[in-house]
Amino acid sequence: MVKPILKLITVAKEAGVVTRKYPYDSPLLTEEFRGKIEIDASICWGCGACVKACPSNALTIRESMDVRELVYFAGRCIFCGRCADVCPTGAIKVTKEFELATEELEDLEQVVIHRKVKCPICGKHFVPQPLGRYVCEKCAKGGVPTYMMVCPECRRKVGVKKMIRCKGG
Amino acid sequence: MSFINLALSLALLGVAVAIAPILDTVDRKLRARLHSRIGPPTILQTWYDIAKLLRKEIVVSEGGAAVIVPLSMTAASALLALSSLPPGMPSPFAPLDLLYLIMFSAAAHASFILIAVSSGNVYAVIGGFREFVLVSVNEVAYVLGLTAVALSTGVLSFSGAAYYGDFRPIPYIVSFALLSLCLYVSSARIPFDLGEAEPELASGVLIELSGPLLAFGIISVLLKRFLAAAVTATAIALPIMRYSGVYGLPGFGLLLGLTIAVWVIHALIAASLGRSRVGVAVKTLISLYIPLTLLAYTLLLFGV
Amino acid sequence: MNQHKDPLPERLRPIESLIREWLWIDRGRTIMLDVKRENLVEVARGLYKEIGAFFKTCAGVDERPLWGGYAVHHIFGIDEEGLDVVVYVRIPEKDYPWVPSIVREVPAADWCELEFRDLLGIDPRGRLTQRLVLPDDWPEEVKPLRKDVPYGYRPPRAEETKPAEVGMYPSGVPVGPYHPALHEPEYFELYVEGEEVVDVRYRGFHVHRGIEKLAESPRFDYNKVTFLAERICGICGFVHSCAYVMAVERAGKVEVPERAEYIRALLLEVERLHSHLLWLGVAAHLLGYDAGFMHAWRVREKTMILAEYLTGSRKTYGMNLVGGVRKDITPEKVPKILKVLEEVAKGTKKVADMIVSVPQVRKRLEGTGVLRKSDAAALSVVGPVARASGLNRDVRKDYPYLAYKDVSFKVPVYSEGDNLSRTLVRVEEIFESIEIIKQLLDRMPPGEVLNEEWDIEPGRYAVTSVEAPRGEDTHLLITGVGRPYRWRVRAPTYANIPALRPMLRGQELADAPITIASIDPCFSCTDRMLVIDVRTGKRSVLVTRPQVKVVSLG
Amino acid sequence: MRVRTPRALKRSIWVFHLNTGSCNACDIEILDVLAPFMDAERFGVKLVASPRHADVALLTGPITRETLPKVVNALRAMPRPRLVLAIGACAVSGGIWHDSYSVIGGFPRLKKILEENGVVIDRVVYVPGCPARPEAIIYGLAVLVGLLKKKVRKEVKEAGER
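Order-wise, the sequence lines are chains A, B, C and D.
Take the first sequence: its letter number 4 is residue -1 in the working numbering, and every next letter is one higher.
Take the second sequence: its letter number 197 is residue 181 in the working numbering, and every next letter is one higher.
Throughout, the working numbering is defined as the position within the third sequence, counted from one, plus 223.
Throughout, the working numbering is defined as the position within the fourth sequence, counted from one, plus 41.
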């Protein structure tokens, strides 16, 4: 009976008190830890690559008439960081934030609102502005930016008309 | 029975109720340290727990309301058993204090088992059954141990032994060993906390209790535990009182101090052992009790 | 199917006449035997009894979109050859598919047959059947794994408001579903005589989350499923994700950089370290020795911090992708890893020594929960449970994968088959794992860790096994378009739970929790998708008065 | 009726572990909270074996169909005030399984079922994470009993602005 008591005392003495006094002390985080993500609205295009890569549907896109909302719901997030991997602009950063406890599920939402480009011909809203601008810039190098801000449908119509005119002319 | 006797006895009861939860926190603190962690924030943790439980709702299962009777019986018997100890003065029950002690301790254990039966939960009933097996072995040895201790002082009363006992060291030590072992078992600590065995019984006897009822249950368990430590402490204190004449308030302090010391030793043992199996526990106990009892009584008979 | 028409291996000659055709799916590793339905029982008997193969699992597949019928794949493994044998049976019926049951020949096939009955409606004929996987109020006609059932279809609950009766068998002691000894909702009913357990009834599959169906759903693709696979089990998740990606890579012939294979193996061992230390602590706790629990977990915490340092998360590492891993182990990290390993080795030694020195702990481990070698073999148990019963089975040795062929290590084997030997096997494995990690760090080749250039053809097939801390984890994968067509997971606990019966019978009730825990059960693995019946017909004697109520329900 | 969280709960929090079909990762992190490195006993936290003794149910998992009735019963057995800490992505919202056939999908949906059954939950705090790290669980407990304030709040940003 004495042996286990002595052994326990030795082990406990060697180890000392190991408790980390979180929240009064810093948490036991390593530099690699993946916490909540943060979306930098200033460079986000609203392309939806992250939404496609997200295994748990924590990132979703809500479409309405003139607005596309990129919604990040931390309550469903599995903190894998795939969105940050695939983000073409680097707008998504993985932070070390883990103190997310809350009473209201709403608190866990992060919404990025993208106004959509309005088609000058039919007046329909179709693509988030930054994404549209990016595509324009890319195509500008190729030299045909004219119809880039026109919705795909009108663009097709215009293109067809143009072709007909070309052929006819 | 004088006024001061009664006052000291009542003081012991008051102190017991007040410090048993504190000692329980000490227990937890000590265990935490042995686990390399900090443990409860203050010494009052168990009191805070009890205070919180008192404000919670009571959920009573079907037919479980009867539980209140054995619950109060347990606490009352433990207290009565405590008051048959001499807290620096002869106990109010002297010279029959030993008889009362045996009676009330048995009542405390029995009513504790009744809690299990009246709560009607399957785990509680198994826990109660285990408790019963253990208590029935232990109580016999306890009676024999107490008597042997008293016989080796020549007086069949603790209160008397503290004043005019004639201590025979060898039989006293052997009987003390027997008694303190029984008392450790009756404190329901590991390896003998079979009735509450959490991994299989989900805290057994007390499982159905909630809110204030649970608080009451916890106090009963702690009082039983305090009783075990206090009886062991009395057995140590008796020769000191007898030969150095520490009576009255200092005697009270001595008893209390020793009780705390015994509690801590109990806690230390409990922290470093694992839980036994009921069959094994009983076998081990019998194999220890029989030789110890035989030895104690042989020594007493042959007047060493 | 990937075809290699090569001769049948020598070992399979005895059953050659019963095989219609065979295909090498992966030369030297996996062979598929196309067997006529009426020959199935014969083939299973031959493989199991004459050839000495172990049974791994079986899977039903809804192959109606492919050729118009169902199929059942029985997977056997021949450990000595490192060969997986898939017995493939076609079921032409569209409406009432059935297949002969092999449970009489192969007792280990008990559960998986019930599983394809529940999930696909393929009837295993010639045996007792009852519901295993699906909840009791699930409508009989909905078979969730059939391709025509949408993945998110939730039939209305039968009676939402009625509290279920648990512990309805008045003579049993319920252990679970919410019980302190089980940290998972599982339900064991122990029939006891006095304190002795005379029989066990198990109702599991409380944690069935429909993973296999989800993986086929349009919500997922090959890469996303790795994260799903990881969440089959929070303790050995990396094992599942490894087995899954390996299956995809083998089926799709995806090149994997060698360094990635080393990193995967290394993380698998880190996971084993944490899992075994976790088990050691929980075992000590179940024996009432909390100091053991605390100290084992104190040592374990270091491995958790290490895991986070290497992967970014304490659990569910999120490291695997098809084609490699996401994060490299840079040379700066090596000294820290070695330091942690040193501490863990030292700590484990002291704590294990301390735990075993406690008389009660030793007494309750020694000679309890005995699983004899013959029972172990008949039930095809895996992992430490098998090794403690004298079966030398370890996937890392028998079917080498990843970087395990390049490292040397010992496989601890004990012959007593009791709880103590299972403990010792695990403790020894902790030290072996530490050695393996050191060797891996030493020999890690340089280079890339992720190959993202891949394209996977549909209709390919792979079977992979990975040695989880609890034993062999087998995955079967048929590729589809953009995502798996069928993915079947057989977690180690699935193979080990049936062994609880021989282990628990004749035990004292007090030792039931530790015995149940001694297989290191991981129900969340097992239940991805399913009650053992009390077939003894023995009278159970009650411990307590009838109509007992479990507190949590009262 | 809404029962106020008694102040006494700040000093003594007894928790009952209720796994509703989780993958075990959150569950082992809960045990980790009690283990030496985090040692929740510092806050008077104690893991109890019976829901009758508990103040807080540590609920993990997406609530599978099979566990649903048992979960309802276990929660009903708790005396009031009845607190719930929903731990992990699954308990918060169903996590990666949120639309699978055999799960209910997170505590918010369970709460509705509980209300239908007349089981009142006095306070819930959600702790996201997959798994929630031990620190996050401690933080959640502290928020639950009112020792700490929540940090997160809904963010709505217009693209292009910072």
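Bear in mind the hints are in silico, worked out from the structure with no lab data behind them.
It is possible that part of the hints are untrue.
To be verified - In silico lysine-lysine, PhoX-like type, Cα no more than 25 Å apart, as pairs:
no.: 1; chain 1: D; residue 1: K87; chain 2: B; residue 2: K13
no.: 2; chain 1: C; residue 1: K370; chain 2: A; residue 2: K47
no.: 3; chain 1: C; residue 1: K370; chain 2: A; residue 2: K91
no.: 4; chain 1: A; residue 1: K88; chain 2: D; residue 2: K198
no.: 5; chain 1: D; residue 1: K198; chain 2: C; residue 2: K525
no.: 6; chain 1: D; residue 1: K190; chain 2: B; residue 2: K13
no.: 7; chain 1: A; residue 1: K16; chain 2: D; residue 2: K190
no.: 8; chain 1: C; residue 1: K628; chain 2: A; residue 2: K2
no.: 9; chain 1: C; residue 1: K556; chain 2: C; residue 2: K569
Because the structure is a prediction, the values reported are computed rather than measured.
Okay, the hints, checked on the actual structure:
1. Only pairs whose Cα atoms come within 25 Å are accepted, and K87 (chain D) paired with K13 (chain B) is accepted, the gap being roughly 13 Å.
2. With a CA separation close to 23 Å, the supplied pair K370 (chain C) and K47 (chain A) stays within the 25 Å bound.
3. This hinted pair does not check out: K370 (chain C) and K91 (chain A) have alpha carbons roughly 41 Å apart, beyond 25 Å.
4. Between K88 (chain A) and K198 (chain D), the direct Cα distance comes to roughly 16 Å. Compliance with the 25 Å bound is thereby established for this hinted pair.
5. Of the pairs offered as hints, the one joining K198 (chain D) and K525 (chain C) is violated, with about 40 Å between alpha carbons and a cut-off of 25 Å exceeded.
6. With a C-alpha separation of about 29 Å, the suggested pair K190 (chain D) and K13 (chain B) falls outside the 25 Å cut-off, and the hint is violated.
7. Taking the CA atoms of K16 (chain A) and K190 (chain D), the gap is near 18 Å; set against the 25 Å cutoff, the hint holds.
8. Under the criterion of a C-alpha separation no larger than 25 Å, the hint pairing K628 (chain C) with K2 (chain A) is inconsistent with the structure, at around 40 Å.
9. With a CA separation close to 20 Å, the supplied pair K556 (chain C) and K569 (chain C) stays within the 25 Å bound.
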